[in-house]
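Colleague: Sequence:
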Amino acid sequence: MKLKIILTVLAILLIASCSDKTNEEQNDEIISVKTIPVQKVEYSAKIHSSGRLKSEKEAKLSFKTGGIIQKIFVTDGEKIRKGQLLAKLNLEEIASQVNQAKVNYEKSLRDFNRVESLYKDSAVTLEQFQNVKSALDVASSGLNIAKFNLTFSTIISPFNGKIYKKLVEENEMVSPGMPIFMVGSDESQWQITCGLTDRDISKIKFGDKAKIKFDNYDEEFSAIVSEIAASANPMNGLFEVNLDLDTRKNNFASGLIGTMDIVTSEKQTFLKIPIQSLVEADGNSGFVFVPNENHSSVKKIKVKISEILGEFVLIKTENRIAQIVTDGVEYLKDGDAIKVVM
828 MKLKIILTVL AILLIASCSD KTNEEQNDEI ISVKTIPVQK VEYSAKIHSS GRLKSEKEAK
888 LSFKTGGIIQ KIFVTDGEKI RKGQLLAKLN LEEIASQVNQ AKVNYEKSLR DFNRVESLYK
948 DSAVTLEQFQ NVKSALDVAS SGLNIAKFNL TFSTIISPFN GKIYKKLVEE NEMVSPGMPI
1008 FMVGSDESQW QITCGLTDRD ISKIKFGDKA KIKFDNYDEE FSAIVSEIAA SANPMNGLFE
1068 VNLDLDTRKN NFASGLIGTM DIVTSEKQTF LKIPIQSLVE ADGNSGFVFV PNENHSSVKK
1128 IKVKISEILG EFVLIKTENR IAQIVTDGVE YLKDGDAIKV VM
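With positions in the sequence shown counted from 1, the corresponding number in the working numbering is that position plus 827.
Simulated from the structure, these hints should not be mistaken for lab results.
Worth double-checking, as some hints may not be accurate.
No farther apart than 27 Å at their CA atoms in a straight line, the calculated lysine-lysine pairs in the DSS-like style are these [what the hints assert, rightly or not]:
hint, residue 1, residue 2
1, LYS1131, LYS1030
2, LYS947, LYS934
3, LYS1099, LYS1129
4, LYS989, LYS915
5, LYS1038, LYS989
6, LYS861, LYS1143
7, LYS1143, LYS1131
8, LYS1143, LYS1094
9, LYS867, LYS1094
10, LYS873, LYS861
11, LYS1129, LYS1143
Please construct the entire structure, taking both the sequences and the accompanying hints into account.
Modeller: Below you can see the structure in the form of structure tokens.
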């Protein structure tokens, strides 16, 4: 009998002990956190993009006639002055063409003069006279073309500037209009060109300011939007935008890639939260924890990071958020029970 009583007491004590442990485990699962109301702010949105640096006054120089390049007088990166000889074709062949054209013209002129005299004496027909007249016109055109080729068998710099790129080598055969040099003027404005989507292009206007960064320069450069394309590039669907840099640096290299933040004149509404409220931030997205109505549990909400302002972050989300968890987020997961403390 005594043994039964002892066993019963032990069973009761064991059950009570398990119950206490269960209560302790339940209490341990409630995480203490701090929350704050979310603040709405008006802020000028920024558009992030990248683009290529160029001189506003860039040109591709070419020969107006074809031939073999005899001499190139400049190299990549070299300073050039207006009127400077940059390259020339092999003039021997072109000069020979001029001489041949002169011979043809002089012969045609003699034939014309002779037949014209005979025609006046009615010794030849009108058709014969017209034939020699046509031959003279053809010879005259041939001479003019040969002289043109001789005149434009050189490339002369149109302005003071720099050789950005030499595109051919000596002794190469080139055709009329084929690019030989990429050059830029020292006296022109530096520009950076980027491509924006139709969604972003609608947010900017002429005169909007921007900040530009290049990997090989420590400083940040100011710029303003100067040109906005009216139609998209059919190759990539982007709208081309030019920005004028507020600098006269002459040691820039055309073709540098820079990143930019264009500050739009359009103000948008954002949610401003402490940066420590964000978890799993990756690029322009992250997560925050939002307490439910009775502040007994949390929900994990995805947000878009729009701007980082020191210790605060501007975010956007499709969810309605009144409060967020600020302290204790590192211990939370979606659906956790919480206790809000001051």
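Colleague: Is LYS873 within 27 Å of LYS861, Cα to Cα?
Modeller: violated, 31 Å
Colleague: Holds or violated: are the alpha carbons of LYS867 and LYS1094 at most 27 Å from each other?
Modeller: holds, 13 Å
Colleague: Within 27 Å, alpha carbon to alpha carbon, are LYS1143 and LYS1131?
Modeller: Holds. LYS1143 to LYS1131 sits at ~5 Å (cutoff 27 Å).
Colleague: Holds or violated: are the alpha carbons of LYS1131 and LYS1030 at most 27 Å from each other?
Modeller: holds, 18 Å
Colleague: Measure nothing beyond the straight line between the CA atoms of LYS947 and LYS934; if it is 27 Å or shorter, mark the hint as holding.
Modeller: Cα-Cα ~20 Å, so holds.
Colleague: Next pair to validate is LYS1099 with LYS1129; report whether the Cα-Cα distance is within 27 Å.
Modeller: The hint holds at about 15 Å.
Colleague: For the pair we were handed, LYS989 and LYS915, check the Cα-Cα distance against 27 Å.
Modeller: holds, 18 Å
Colleague: Going straight from one Cα to the other, do LYS1038 and LYS989 come out at no more than 27 Å?
Modeller: Holds - the C-alpha atoms of LYS989 and LYS1038 are around 26 Å apart, at most 27 Å.
Colleague: For the pair supplied as a hint, LYS1129 and LYS1143, confirm whether the alpha-carbon distance does not exceed 27 Å.
Modeller: holds, 9 Å
Colleague: CA of LYS1143 to CA of LYS1094, is that 27 Å or under?
Modeller: Cα-Cα ~14 Å, so holds.
Colleague: So if I understand the rule, the pair passes when the alpha-carbon distance is 27 Å or less; does LYS861 with LYS1143 pass?
Modeller: holds, 22 Å
Comparing the model with each earlier hint shows a violation of hint 10 alone; every other hint is respected.
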